[in-house]
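Use the sequences and the hints to build the structure in full.
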Amino acid sequence: MTTFRSPFSRRGFLQGAAALTGATALGGLPFGARAQALTELTVGFIYVGPRDDFGYNQAHAEGAAAVKAMAGVTVVEEENVPETMDVQKSMESMINLDGAALIFPTSFGYFDPHILELAGKYPEVRFEHCGGMWTKDKHPMNVGSYFGYIGMGQYLNGVAAGHASKTKKIGFVAAKPIPQVLLNINSFLLGARSVDPTITCQVIFTGEWSLAVKEAEATNALCDAGCDVITCHVDGPKVVIETAAGRGSFVCGYHANQSALAPELYLTGAEWNWAAVYTKMVETTMAGGVIDNFVRGGLADGFIKMSPLGPAVPEAGRKQFEAVQAEILKGGFAAIKGPLKDNTGAEIAAAGQSFLETDPALESMSYLVEGVIGSTS
Amino acid sequence: MAGDLGLWGIPVAIVGGAIRVSTPFLFVSLGEVLTERSGRINLGLEGTLVFGAMAGYGTAVLTGSAWAGVLVAALAGVVFGLVHGIICSLPKVNDIAVGIAMMLLGSGLAFYFGKPFIQPTAPDLPAIALGGWSDLPQVQAALNVNVLFLIGLALALVMAWMFRSTKVGLTLRVVGDSTDAARAMGLRPAVIRTLATAAGGAFAGVGGAYLSLYYPGSWNEAISSGQGLMAVALVIFARWNPVACFWAALLFGGAGALGPALQSVGVTKGYYLFYAAPYVLTLGVLIATSSTTRALSGAPGELSITK
Numbered sequence: 011m012t013t014f015r016s017p018f019s020r021r022g023f024l025q026g027a028a029a030l031t032g033a034t035a036l037g038g039l040p041f042g043a044r045a046q047a048l049t050e051l052t053v054g055f056i057y058v059g060p061r062d063d064f065g066y067n068q069a070h071a072e073g074a075a076a077v078k079a080m081a082g083v084t085v086v087e088e089e090n091v092p093e094t095m096d097v098q099k100s101m102e103s104m105i106n107l108d109g110a111a112l113i114f115p116t117s118f119g120y121f122d123p124h125i126l127e128l129a130g131k132y133p134e135v136r137f138e139h140c141g142g143m144w145t146k147d148k149h150p151m152n153v154g155s156y157f158g159y160i161g162m163g164q165y166l167n168g169v170a171a172g173h174a175s176k177t178k179k180i181g182f183v184a185a186k187p188i189p190q191v192l193l194n195i196n197s198f199l200l201g202a203r204s205v206d207p208t209i210t211c212q213v214i215f216t217g218e219w220s221l222a223v224k225e226a227e228a229t230n231a232l233c234d235a236g237c238d239v240i241t242c243h244v245d246g247p248k249v250v251i252e253t254a255a256g257r258g259s260f261v262c263g264y265h266a267n268q269s270a271l272a273p274e275l276y277l278t279g280a281e282w283n284w285a286a287v288y289t290k291m292v293e294t295t296m297a298g299g300v301i302d303n304f305v306r307g308g309l310a311d312g313f314i315k316m317s318p319l320g321p322a323v324p325e326a327g328r329k330q331f332e333a334v335q336a337e338i339l340k341g342g343f344a345a346i347k348g349p350l351k352d353n354t355g356a357e358i359a360a361a362g363q364s365f366l367e368t369d370p371a372l373e374s375m376s377y378l379v380e381g382v383i384g385s386t387s
Numbered sequence: 100m101a102g103d104l105g106l107w108g109i110p111v112a113i114v115g116g117a118i119r120v121s122t123p124f125l126f127v128s129l130g131e132v133l134t135e136r137s138g139r140i141n142l143g144l145e146g147t148l149v150f151g152a153m154a155g156y157g158t159a160v161l162t163g164s165a166w167a168g169v170l171v172a173a174l175a176g177v178v179f180g181l182v183h184g185i186i187c188s189l190p191k192v193n194d195i196a197v198g199i200a201m202m203l204l205g206s207g208l209a210f211y212f213g214k215p216f217i218q219p220t221a222p223d224l225p226a227i228a229l230g231g232w233s234d235l236p237q238v239q240a241a242l243n244v245n246v247l248f249l250i251g252l253a254l255a256l257v258m259a260w261m262f263r264s265t266k267v268g269l270t271l272r273v274v275g276d277s278t279d280a281a282r283a284m285g286l287r288p289a290v291i292r293t294l295a296t297a298a299g300g301a302f303a304g305v306g307g308a309y310l311s312l313y314y315p316g317s318w319n320e321a322i323s324s325g326q327g328l329m330a331v332a333l334v335i336f337a338r339w340n341p342v343a344c345f346w347a348a349l350l351f352g353g354a355g356a357l358g359p360a361l362q363s364v365g366v367t368k369g370y371y372l373f374y375a376a377p378y379v380l381t382l383g384v385l386i387a388t389s390s391t392t393r394a395l396s397g398a399p400g401e402l403s404i405t406k
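Note that the protein sequences, when read in sequence, are chains A and B. Taking our numbering, the leading residue of the first sequence gets 11, the next gets one more, and so forth. Taking our numbering, the leading residue of the second sequence gets 100, the next gets one more, and so forth.
By construction, these hints were calculated from the structure, which means they are not laboratory data. It is possible that part of the hints are untrue.
As the list claims (entries may be wrong) - Chain A regions said to be covered by chain B (calculated; three or more residues, Cβ under 8 Å):
id	region
1	199–209
2	215–225
What the hints assert, rightly or not - Taking lysine-lysine pairs in the BS3-like style, the calculated list, with each CA pair at most 25 Å apart, reads:
id	chain 1	residue 1	chain 2	residue 2
3	A	351	B	368
4	A	131	A	146
5	A	186	A	78
6	A	131	A	148
7	B	214	A	78
8	A	99	A	78
9	B	368	A	178
10	B	214	A	99
11	B	191	A	186
Unchecked claim - A short, non-exhaustive set of chain B residues, derived as facing chain A with CB atoms under 8 Å:
id	residue
12	164
13	166
14	321
15	367
From the three backbone atoms N, C-alpha and C, an ideal C-beta is built for every residue, glycine too.
Encoded structure:
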């Protein structure tokens, strides 16, 4: 794993990075002559689970594989790194031993305090964190935040689910009640309610990102409660998909394409497309440029994609799915729009008010909308 | 399609959860009872469980037979048990330290060899539908009983009988209670303990195969989430009695199903607390059954934690 690198490219990068940081600090002045292209770059990827989990980590690893194929780029990867001091050790070894100048610690919990601590210690290294934690003026400039508007994917999942459900009850196995998860749950239900406003969504929180037995129990509990379409937001959806399909429920995927696990019952799925995002970020860095600190994108930007519709989606569902997808691709589509209440009766949006996918307010979501059976605490 | 059971969903879910989740607890704790009754502690069973899960799943993927997977998991458990047993037979070796080393080794090897098996899908172990009398799909699902669960129940009964009324059981108990007495009888404690540890390892391996081949039914590195360790603690809770192990395993499985079941009927507040139910339960029962006058009743005399 250890590669000894000539100091020249490193120094070149440092100069470039220093110039760029200076330029950004001065409010985006044109890059000086010292910003120069790199001929080689080592990029580190850190995953919280196994790389091939049919889920979150696999989606990132597919992105890393695309980066690996780029000329002049060396990729170092480490998987199963817990959100503890361990990730700091992994990052430091990538920086000091492998000479990584750009690191993607991909798990949500890596940010605070781990990335923040190392960002201060290694100002010349660029840290890119997946999730909405970075705040301007509060966090270091060599840390960036990127994420995709995958809530729209869950909205489309919901549209397919709304057409497939016969019990008018759909289920969601969720890990933790953080804003991204809540947005996914709400979007899933609102998508289904765009088909039939009487549909409800039962949510069960497992409390952890990866707990196979609890995920299976939660899925069984949802099936017992009469939910006949199930999706999830956990790191590895394999257990949920297999358990739900084993009970005869329809399933919608998340993170990656899980249709191979239940070809007949898989409706569609919201997938990440990190390959497009990562190659662009690495290209920017190689060209001597600097990655924006706040990178977001949705279906239209190629950050997310939908799995092909499965055979269980009826013709009417297919049509509506495609129409809504086209609407989202066009831009200006809002899943969260008034009149809308949360499931405790408090008003979220008045009639005529809407939150576009790009609205930063959605990144601090703390409620479940009316029709979701569950609570955030 | 499934109707809404309302609050009746909770007992159904707990019974179903108890049957689904308890089997690994049962096999690991039975294996540990066998080992500890011979006077040795094997904390490494968590590693054996994880390795068994991987070996069983891998074999089932490669051969297409879930039962071949169970067999290989058991054999892998025997190997781990033998290694533990033989190392602990050396003079001045602490079985707890070796157990921890074996736990880490087992998990590490399982992660290493298990890489190619995270993606593929293996055939499942068969289940027997005992819920056919009910027309409720929830009850039918809850009473889908896996064959290994029934085998585990039979094993618990056979082991209880073995300890009580057979020569093998007597031999194990003598070795476990007094090395000196065993030697005086002409027994070889080290050999017997090693064999007991190997058999215990086989049980734990089968427990692992249940995890990966039936419920939750796939191999990944977080599959066990500490169930092997809990099962070892469960042995103390069950006072080294195989039949009590069966009930304790059911209790743990049912308590684990409580959290999701409550959320599914709309009790959605405080789920972290419900998820702690199995541990609270353990503490409660241990306190309720503790005694100020006796040491741990039923504990084998040669066990390094009770000596």
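Here's how the hints hold up against the structure:
Under the rule that three or more residues need a Cβ within less than 8 Å of chain B, the assignment of the region 199–209 of chain A is violated, with 0 such residues. Chain B is given as covering the region 215–225 of chain A, and this holds because 9 residues of the stretch bring a CB closer than 8 Å to a CB of that chain, at least three being needed. Only pairs whose Cα atoms come within 25 Å are accepted, and residue 351 of chain A paired with residue 368 of chain B is accepted, the gap being roughly 19 Å. Simply put, residue 131 of chain A and residue 146 of chain A have alpha-carbon atoms about 19 Å apart, close enough for the 25 Å limit, and the pair holds.
With a CA separation close to 32 Å, the supplied pair residue 186 of chain A and residue 78 of chain A exceeds the 25 Å bound. Among the hinted pairs, residue 131 of chain A with residue 148 of chain A is consistent with the structure: their alpha-carbon atoms are about 16 Å apart, no more than 25 Å. Of the supplied pair hints, the one linking residue 214 of chain B and residue 78 of chain A holds, its CA atoms being roughly 20 Å apart against a limit of 25 Å. A C-alpha spacing of about 23 Å is found between residue 99 of chain A and residue 78 of chain A, which places the hinted pair at or below 25 Å, so the restraint holds.
Note on residue 368 of chain B and residue 178 of chain A: the hinted pairing holds, with a Cα-Cα distance of about 24 Å set against a maximum of 25 Å. Note on residue 214 of chain B and residue 99 of chain A: the hinted pairing holds, with a Cα-Cα distance of about 23 Å set against a maximum of 25 Å. Straight-line distance between C-alpha atoms of residue 191 of chain B and residue 186 of chain A comes to about 47 Å, which puts the hinted pair past the 25 Å bound. Taken as an interface hint, residue 164 of chain B does not check out: its beta carbon lies about 19 Å from the nearest beta carbon of chain A, beyond 8 Å.
Hint status for residue 166 of chain B relative to chain A: violated, with the closest Cβ pair at about 19 Å, above 8 Å. A cut of 8 Å between beta carbons decides the hint on residue 321 of chain B: the least distance to chain A is about 4 Å, and the hint holds. A least Cβ separation of about 4 Å between residue 367 of chain B and chain A falls short of the 8 Å threshold, and the interface hint therefore holds.
Hints 1, 5, 11, 12 and 13 from the list above are not met by this structure, while the remaining hints are.
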